[in-house]
Each structure stands twice: as structure tokens, then as C-alpha cells.
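Since the structure of chain A is provided, determine the placement of chain B on it from the hints.
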Amino acid sequence: MTSSKQNTLPLSRSDTWLIRVLAVASTAAACILVLIVLFMLQEAWPVLQRIGLLRLLSDPAWHPAEGLYGLAPMVAASLAIAAGAVLLAGPFGVASALFVRFYAAAPLASAFRLALLLLAGLPSVVLGLWGLTVLVPLIGRIEPPGASLIAGVLVLALMILPTIALTTEAALDAMPESYLRGAAALGLSRESTILGVILPAVKGSIMAGVLLSAARALGETVVLLMVTGNVVRLPVSLFDPVRALTANIALEMAYAMGDHRAALFVSGLMVALLVLLFVLVSRRLGGGWSFNV
Amino acid sequence: MFEAVREQAMLRVFRDRGVLIAIWSAAAMVAGVFIWLLADIAMHGAPRFDLSFLIDAPGNSGRSGGIGPILVSTALILTVAIAATVPVGLGAAIFLSEFTRSGGLPGRAVGLSLDVLAGVPSIVFGLFGNAFFCIWLGLGFSILSGGLTLACMVLPVFIRVAEAGLRMTPGDWRNGAAALGLSRLAVLRQILLPAAAPSLVLALMLGIGRSASETAALIFTSGYVDRMPASLLDSGRAISVHIYDLSMNVAGGDPGAYASALALIVFLFIINGAAKWITDSLTARRIVTL
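So the sequences go chain by chain: A and B. According to my numbering, the stretch in the first sequence is residues 9 to 301, in order. According to my numbering, the stretch in the second sequence is residues 29 to 318, in order.
Everything labelled a hint here was simulated from the structure, so no lab data went into it. Please read these numbers as outputs of a predicted model, since none were measured by experiment. Backbone N, C-alpha and C fix where the C-beta goes; we use that ideal spot for every residue, glycine too. Keep in mind that the hints are not guaranteed to be accurate.
To be verified - For each label pair, taking beta carbons as the anchor points, the in silico distance ranges come out as:
id, chain 1, residue 1, chain 2, residue 2, range
1, A, R58, B, P115, 39 to 47 Å
2, A, P54, B, P222, 49 to 57 Å
3, A, P152, B, I83, 36 to 44 Å
4, B, R136, A, P184, 25 to 33 Å
5, A, L207, B, V33, 19 to 27 Å
Just chain A, with the same shape it has in the complex:
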């Protein structure tokens, strides 16, 4: 690719100004991240300094009014929900992509693909509303109260499924045609080709998509706020109400003061670091960033 920087003409005056303005815009864009890190650290500092990360994870309970800042149950709940959602959405997402690419006839495939795209574009608050009014009562009939870990897992799985399906589909498209020809020449059935050739070939990209969606699940707030019951406790059963780390922030920010507020910013930092870790590993595996979906 050739671009304007290969242009060796002398800069006109308007060009000099243009470049200055553009550099300012880029610097401003890059500074947002710096500002976020600075402000998060500044707000979290009182607790990080006086209470320390260790106590945040080892305190027996979350009673900010009494100086107890145990985040462990909420970290566990967040991780459990994200893991459950990924375990559920992974197979369904991959199967959806295989369905679009190898099973459905053209009109059905494009309709199904459109449905996946629409599902990907649904606001999370709408999914949360549906989970709250439809799924939670259904689960409550099996085992009260209904708002529970499993409700969070189900709605989040629905939310991240399109991501997994669409990244898998992109990986299938990028796979060399010769693999399929080779499999056909060997007389492999469609299913043997899928199990023996296609899935091993796109394994890495699928993993990248799965990790990316795990990151999205970990960072999701509103859905969890609406369907998981928001009780701070270590999840034991799937039907236990739990409170995710992100939901805790949204619930208590409205009235938190002092150390309590700082502790919420620490949990925000923790969520951000966990999410970025997943995104980083996902990128290493060859996936794109979240906006590529």
C-alpha cells in the first residue's frame, strides 16, 4: 500500500496545519486510556494502600460499612458465570457456524446468519429484560428463587453465542480450499471432514473467539444485575443467587462513599485487568479484537 507519507512533495502551509490538527486528535484519542488508568488508580488508591489487595480477597465478607471488603465470593461468581456461559455457548456457537457453512441450503443459511447478526446487535438490557421476565420465573418453578447463577449463565450464553459463531465462520472462510478438496479426494464423508480436517484446522481461531467472548461475559454488567439475584455469597449450586463483581459496582456506586467507593473502583480495575488478560491471550491465538465482530 502506498500512502500519503510516501509523498515527498514539500508540505504546504495548509498541510502543516493539517498534520498538527491530526496529531492533536490522535494524541487526544490515545490519552483517553491514560486518563482512565490514572483516574481509576487515583480513586482506588486509598483502599489499595491501606487495606491492600490481599485483604480484599481474603476478608470473610463484604460489609463495607463495617470495614470488611471480601471480594472473593463475587470474583468467584463472575468467573463461574463466565465459564458456564462459554462452556454452553461454545459448542452451540461452533455448531451454528458449521450449520451455516456446510449444512443449511443457501436461503436458510443466509436467514440463520441474519438471525445471528441481529442477536449480536441486541442491547444487553433487552436480553436482561427477557431473562428477568421469562427465564427467571421458569427457573423459579424448578427451584426457587429463580434469579440465580444458572439464569446468568443462560442469558450470557445467548449473548456471546453470535460472537463465537461469527468468529468461527470467519475462520472457516479463511481456511484453504485445498483442505476440503483433499478430504473430498479421500472420499471422506461430510462429518468425517468436519471432525478430522476442519475442526483441527480452525481450532486456534475458535479458541480465540471463545476467549474474546469470555472477556465480554466477564465484563457484562446489566444482564447479571438483572437475572442473578445479587446476593453476595460463594456459589455452591447452579440455582444459588449470586452477585457478580460488575453487578456489585453498579448496585452500590449510587451511595458508596470513602473507602467503600474506593473498593468499588478496585473491583472495576480487577474486572478490567481480567478482561484485558483474556483479550490479550485471544489476540495471541490469532483472533481479532472485540470490534471485529
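Showing chain B alone in chain A's frame:
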């Protein structure tokens, strides 16, 4: 020997049948849940969804009345977000695609910070917006704070999509323009930006869609107040926050929440449709295809 081979072939047939059934039933379940979801929202939202619902002020904490002021607040928040995103985002996209060497330090630094920013969860944007815009800059819970927080959130997506569009324009055009002695500004204005217009529209629409869907980043920046906002410094309730609040905090608020959800989805469909229509017509009008 022969028996063993036949047995293996049989097993393989069974396995193939199993995979076939598994994939079809997984797809059927996904499609089924999707239809269930849409039908549920359409059915529960439709009874209250009419013109007066879109215009009237909410009454009785949203149980009755409509979402008029909420739509106005949402539109204002989106306008602020877009007004802040477009100049900064367009500038950064042009800088990244036209004025940095690929692999050079400035380009890499800005690119990396944008990629990290794209991964930051929305609740963290909410915390940051609260600490920075509401408190440090003293904007309080306001439409301005909410819109600027959203701008920070959608900026990386906007820049990357716009940048990709600019990069797709052929280098020959730049060489030709340089051979004619055009200034870089003229090349951008006359050639590159018009050629990349479909991507720029896509970037804009992605930004609007994402801003309109966001809840967590807005709860603590633009606030809950459901009155008609008088200025950008007033708190205003975005439609997604309205849905959340009605379903969680207002007993008997579900019908209103569903009707608002329907309104939000209809808006998002219109935005997506408009994006597709504009990009298609822009692409069709072009003389040279890329």
C-alpha cells in the same frame, strides 16, 4: 477380518448420523430461542407501543404514560457522543492511515492504546466517567457527562473502522495526486475521504448503535432523572437505563419496559438499515470501484 471392517464402517455411519443430528438440533435450538426472544418482546411490547407512548411524559415512575422525555435525553446523549467522536475519531483515523509509517512508534503507540481501550468493559467506562466528567470536571450527572463517556467508549471502534476504509483506497490515487502537485489536504478532501465514505458511514452507524444500546456506562454518568431535560447539563435518562429501571426497580413496570425495549430495537433496526442503504448507494455512485 471382513466383519471387523464392516463393523467399523457401521460405527462411522452412526457417528456421522450423530454429528448431523447434533448440528441440526443445535441450530434449531439457537433459532428457536431467537424467535422466542423476538416474539416475546414484540408481543409484550406491542400493546402499549403507539404514537402517544413515544411522545407522552412517563407517569407514576413509568408505569403509565410514555417515553417522550427519555427519547429526547437519549437523542441528546447520542448527539453529544457523536459530536465528540467524529472530529477526534476522524482525525486519528486519517493520522493513523495517512501520516504514520506502519510499524513506526507513533502509529504503534496510538494503535495499541486504542486496542486496549476497545477491551475495557463498559462498567469501567461508567466508573471513569463518574470520576472524571461528573466529579473532576464538575459536569455532575448530566447528558454531557454521559455523552462524553460514551464517546470514549465508541472511539476505538470508530477509528479502526474509518482507518480500515481509508487504507483500502488504492495507493495509485495518492501517487497520481502527488504527481499533479496536489496538497495533502486537497487529496484528502477531494479524493480519499469521498472514496472512504461508505466505511465512514459504517463507523458512524456502529458508534450510534453501540451508544444507544449502552446501559452500564450511563447509570452513573447521565443519571436517572426522567423529566424533559432543559439543557445539556441536566441529568437525562437514556432509554436503556429506562428499561433497566422499570424492570428492576418499579413493580408493575414490565409493560412499559417491554414497550421501551421494542422502541429501542426498532430504532436499532432503522439505524442498521440506514447504514446499509447509505453504504450501498454511496458505493453504487462511485465511478471507479476499489
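**Item:** Status of the given 25 to 33 Å range, CB of P184 (chain A) versus CB of R136 (chain B)
**Value:** At 30 Å between Cβs, range holds.
**Asked** So the hint says 19 to 27 Å: do the beta-carbon atoms of L207 (chain A) and V33 (chain B) match that?
**Response** holds (26 Å)
**Prompt:** Between P54 (chain A) and P222 (chain B), does the C-beta distance stay in 49 to 57 Å?
**Reply:** holds (52 Å)
**Prompt:** In this structure, is the beta-carbon distance linking P152 (chain A) and I83 (chain B) contained in 36 to 44 Å?
**Reply:** About 41 Å separates the Cβ atoms of P152 (chain A) and I83 (chain B), which means 36 to 44 Å holds.
**Request:** Take the C-beta atom of R58 (chain A) and the C-beta atom of P115 (chain B), compute their distance, and say whether it sits inside 39 to 47 Å.
**Result:** For R58 (chain A) and P115 (chain B) the Cβ distance comes to about 42 Å; the hint holds.
Going through the hint list in order, the structure satisfies each hint without exception.
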